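Model the placement of chains X, S, W and D with the ligands on the given structure of chain H, informed by the hints.
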Amino acid sequence: MAQPLLRAIDVHKRFGATEVLKGIDLEVQQGEVVAIIGASGSGKTTFLRCINLLEEFHQGEIQVDGERIGYTEGTHRRLGETAISAQRAKIGMVFQSYNLFPHMTAEQNVTLGLIKVQKRPKAEAVETARRWLDRVGLSERRGHYPYQLSGGQQQRVAIARAVAMEPKLVLFDEVTSALDPELVAEVLAVMQDLAKSGMTMLVVSHEMLFVREVATRVVFMEGGRIAEQGPPDALLVNPKSERLATFLGRFHGVFR
Amino acid sequence: MAQPLLRAIDVHKRFGATEVLKGIDLEVQQGEVVAIIGASGSGKTTFLRCINLLEEFHQGEIQVDGERIGYTEGTHRRLGETAISAQRAKIGMVFQSYNLFPHMTAEQNVTLGLIKVQKRPKAEAVETARRWLDRVGLSERRGHYPYQLSGGQQQRVAIARAVAMEPKLVLFDEVTSALDPELVAEVLAVMQDLAKSGMTMLVVSHEMLFVREVATRVVFMEGGRIAEQGPPDALLVNPKSERLATFLGRFHGVFR
Amino acid sequence: TAPRPAIAQTIDPSKSKLQEVLKRGKLIVGTGSTNPPWHFEDRSGKLVGMDIDLSRLLAKNLFDDYEKVEYVIQGSDARIPSLVTNKVDIVVQWMTITPGRAQQVEFTHPYYREGVGLMMMAGGKYKTFQEVKAAGKSAKVGAMQNVFIEEWVHKALPEAGVDQFDSPDSTLQALNARRVDAYLADQSAIRWLMQQFPNRYVEGGYGWMPNSYASAVRPGDPIWLNWVNTVYKEAMMGVDFDYFAASYKKWFGIELTTPKVGFPQEFA
Amino acid sequence: MFEPGSFLYEAWAARYGLLAGLATTARLSGITIVIGSLIGILGGVALSYGPWPVRLLLRGYVDAVRGIPVLVLILFSYYGLALLGIQISPFTAGVVALGGFCGAHMSETVRGAIESIPIGQTEAGKAIGLTFWQRLRYVLLPQAIRRLLPPWVNTAVEMVKGTTLLSIIGVVELLLATQQTIARNYLVLQFYFAAGMLYVLVNFAISQLGALIERRTAHFRY
Amino acid sequence: MTYQFNFDVIFRSFDKMLAGLWLGLWLAALSLAIGTVIGLLAAYGRQSRLAPLRAVVWTYVEIIRNCPILLLIFFVYFGLPELGIFFLGKIESFVITLSIYAGAYLCEVFRAGLASMPARYVEAAKAIGLRPVQRQVHVVLPVMFRITLPALSNNLISLFKDTSLAAAIAIPELTFVTRQINANTFRVMESWLTASALYLVTCYAIAWLLRRVERRYAVIR
Ligand SMILES: Nc1ncnc2c1ncn2[C@@H]1O[C@H](COP(=O)(O)OP(=O)(O)OP(=O)(O)O)[C@@H](O)[C@H]1O
Ligand SMILES: Nc1ncnc2c1ncn2[C@@H]1O[C@H](COP(=O)(O)OP(=O)(O)OP(=O)(O)O)[C@@H](O)[C@H]1O
Ligand SMILES: [Mg+2]
Ligand SMILES: [Mg+2]
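Chains as they are written, first to last, in the working numbering: chain H, 1 to 256; chain X, 1001 to 1256; chain S, 2001 to 2268; chain W, 3001 to 3222; chain D, 4001 to 4221.
Careful: at least some of the hints might be erroneous.
[As the list claims (entries may be wrong)] DMTMM-like cross-link-like pairs, simulated, lysine to aspartate or glutamate; straight-line CA separation at most 20 Å:
hint, chain 1, residue 1, chain 2, residue 2
1, H, LYS116, W, GLU3010
2, S, LYS2250, S, ASP2240
3, S, LYS2125, D, GLU4082
Please keep in mind that the hints were generated in silico from the structure rather than gathered at the bench.
Bear in mind the structure is a predicted one, so any value in this text is a computation, not a measurement.
Chain H with its partners taken away, still in its complex shape (with noise of 0.2 Å):
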């Protein structure tokens, strides 16, 4: 088996006094993607965030194409900002809330970070911009601003935006949980589109019959740990721990 594109070694985090995730080991290859679900509280967002370097964690290791994140050694010797922000620059992360500068339309949105960060030229990020606008269905928006645009719309800027800048490893927080189903559809559409593309993807999602359609391996958190993982077929339709099952248990009927 190849290197994997992300590797999370024994990770834990604590807030203060609680302990949030209490030992994580994943491996994500190349072109998988992975969904992360379970219980609120469990820790899903944190372990996004911890990966993005959004947050801190106190023992562990991660790595993101062989590259040690956030860290010299162990978790002691912190990177610099400058250090930390080139790594960052390697992970897209899509937020639910989508984040989009409201002073920018959706093409300076996209070509901020290509420019200022990549250092690409002007004209270039621009037309990099619009192809990717394009491919998420909004040629015709990218001079509005987010103000302008529906969720779906501005969810979708914000995918475009992370994506732009061709990370190896793209982050969804809950991508869809603002939005109506029309507009889910929308997002989703867009995501399968990126999995087929060969796009290494690490979901968090609520929505089981979104997660199975997107996913190609699930992810249980509960606690804080990993409980459980598998295809999504097999994981969804028959759980097996206890717990899973309860968690699923307002779906259970629906997979069938």
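Okay, now just chains X, S, W and D with the ligands, sitting in the frame of chain H:
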């Protein structure tokens, strides 16, 4: 058939030049739970707001319990604010964003209308409020302020506030969409309980699973009109129109 | 501690303010700009008044040029701090001599003896000092702020009410607005106002509470103080008498009598 | 109507003095506002992101300066500094006092504006790999400007009004120039009224300018 | 440093300074109370459907906010009587001036508060059948007051600092007393140091107290 509790006759509503409701006809009998589904922008919220006179409409008529709402005749002579307030008191409304009064405790939120609108003595109002907070499972939280309550608890207080006034009809507008799945379950339980006790409800929701569990009839809105209606099992499982089938697309495999 | 020799500080003349000023080539004077007839701006925007004339006289005696003065305009509050912090060489700003103040600055010879009096609206309730006094408690007197002011008023008008203001024009405005019945002020200022507005006001016809106006310098510099005193004395009694008398006439309307020759009057 | 002693005659006679006073007021306010804004931007950023000793120091400065009447600050910068051997002109002392005062208020304003921007904006900036200064420059400050403008305009107006207090240390700004005129002709009400209207005019112009910039930057919403 | 500090003369008059401070606090509190009423009426006036009323309120707010308060104090105290309009004692006229001044500022505060009042609270109030006046009394005003509390406390503090200007018309508050001590002793440094310490401590105390009130009545929106 008895006189319908709610009767909407050819209701039209414009915002500026765009017509949002293009003639809604709907009758709801005492004790029915009618769910309204439809794409975003199809006019569901606007329709509910017209019933509760939060919006003025431009043509047609709405009757609640046989009484014409909002206007003395046609849509020319709008009633005075006091008369309108009295009519609103007969209709409960629960909002997506709860809209609890932030400067009042749960109990005060519920008693306000009982005391100021229904002019009940304070002691009796408190008594009633406690009974309802009890019924939605919040007897221990009645002294808490909204910011001290979780989303699901806030929404349950909002329901108690609406139903404590014993309205003829309660309107629910996407009352679960700001909640996570576990909180949805809390609110759902309360609503099913209310439905069983014979309360007449009009429920707008995007959650098809929820709709199927709670509604006695489903109404599908499309472009400001009612496109299709029927019992949930029939409508959701075997949609007649193409449009509804597309709308339900994602759930199609689910409801078998 | 060891007993100190009687004359501990032998005075070094080269460290005196006098030398400093001469070397600088101009005199720096602290004064105000809003109190006629002492220091104010005329229509052309030039500072004029009794205090200004004295400053010019000092400059003339230093540099043989009346114009070599730089005025630092300051409020009444600032008179002592600007000396203490060495911002000015001398303050010439209608300063009343009090022993308390003399603990912090050194006063020159006085150049004017002031008293206070009352001024009233020509068509007002009271027209003379006696009427105000007779009115007792019901009369209200306005005055420039000063910690002794109530005491001063009550010396002559034991029952009158007192309102204090922080500038002469506020006080005058209080009289104009009939917020007060009488304006208590320096007699020099009253004379000036009566002259400016011949029919508007009446004077009370009684003055009291004498106090002396002088300039002040930073303490501990006898050479400088002595020099300024020499100029002032010779203005009042000697070579510069004509200049001084002309100023008195101009600002106070007072004709000074020429000092007698013979035995120096000041020691008589 | 135009004889000596009438308001119009006296106002015309005093025009140079009054205009010079107005010019001094304008110059003082201008310099003060510029200095205050610079202090404010640096101070606000440092208050939000600086290491704790810097934050503590700044907090002390901001709170102390905001709790003392401006008049007292002015006396300190003119006489207090002189006691420490620093001799500055009244004008400079005024700039120091008002600039320091303005800076304290602006720092607080800038901090508030920066902190009112949702944390998600910072995180989104981080997520695409922007460095701290890039986030500040391209994400936070452009959004903060909008929230900054109204309080900024308020402070600017306060500064213009605050210059009146410099009359006490002899800066001949508009109020002192007016008082000098009054000392000559005793037209108290008329000249105070005229001066008041001049202040209102200047400040109204500032507010309108602020409103204009606000509209210009209102091309986005949340 | 050549200056010899001497605080004795100041402390001899310390009781007078404290009395001045207390008076200033009262003036500020009273003006805030009256100013709040003016500000509220003005804020509703600016939302009125009557264009002339809106214009009048707008003019009031713009003129008062843009004029140095010292000049306003002079107008009310000296000007109005000369024009034969009004006759009041100095304390009354100062309180009126400061209230009018505060009213203009508070009008803007309340207007912003009303504008940032989420419409959903009003809708919820409508939905339970409250009448227009009841909606204002039981929902809009209480919530608006809580939203604007920080701005109100800032205003109280600056009003308190503005009472120092009452010295101009001979009201014996702290600044006036300090100037009196100056005029007597010429201990300018000492007296202003003492006065500013008193101002600073008082402002801190007010701020601390009001923050507690804010926390007590905080509305998490
Ligand atoms: N900044 C923080 N300070 C303290 N505790 C926190 C913080 N952020 C998260 N937590 C706690 O960490 C735990 C895990 O939170 P996390 O957001 O990762 O859960 P999640 O699985 O994403 O839940 P959800 O499905 O609700 O988004 C929760 O108990 C949460 O309360
Ligand atoms: N105040 C308003 N001014 C102008 N247009 C409005 C206003 N409120 C709603 N609309 C428009 O009316 C249409 C119907 O809106 P409505 O909120 O009723 O839809 P909905 O079916 O509830 O949608 P959703 O599922 O997104 O809540 C939409 O196109 C919307 O943009
Ligand atoms: Mg989460
Ligand atoms: Mg809706």
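Status of each hint after checking the structure:
1. Proximity of LYS116(H) to GLU3010(W) is assessed by CA-CA distance (about 62 Å); at most 20 Å being required, the pair is judged violated.
2. Taken as a hint, the LYS2250(S) and ASP2240(S) pair is honoured in the structure, with Cα atoms around 16 Å apart against an allowance of 20 Å.
3. The straight-line distance between the Cα atoms of LYS2125(S) and GLU4082(D) is roughly 15 Å, inside the 20 Å bound, and the hint therefore holds.
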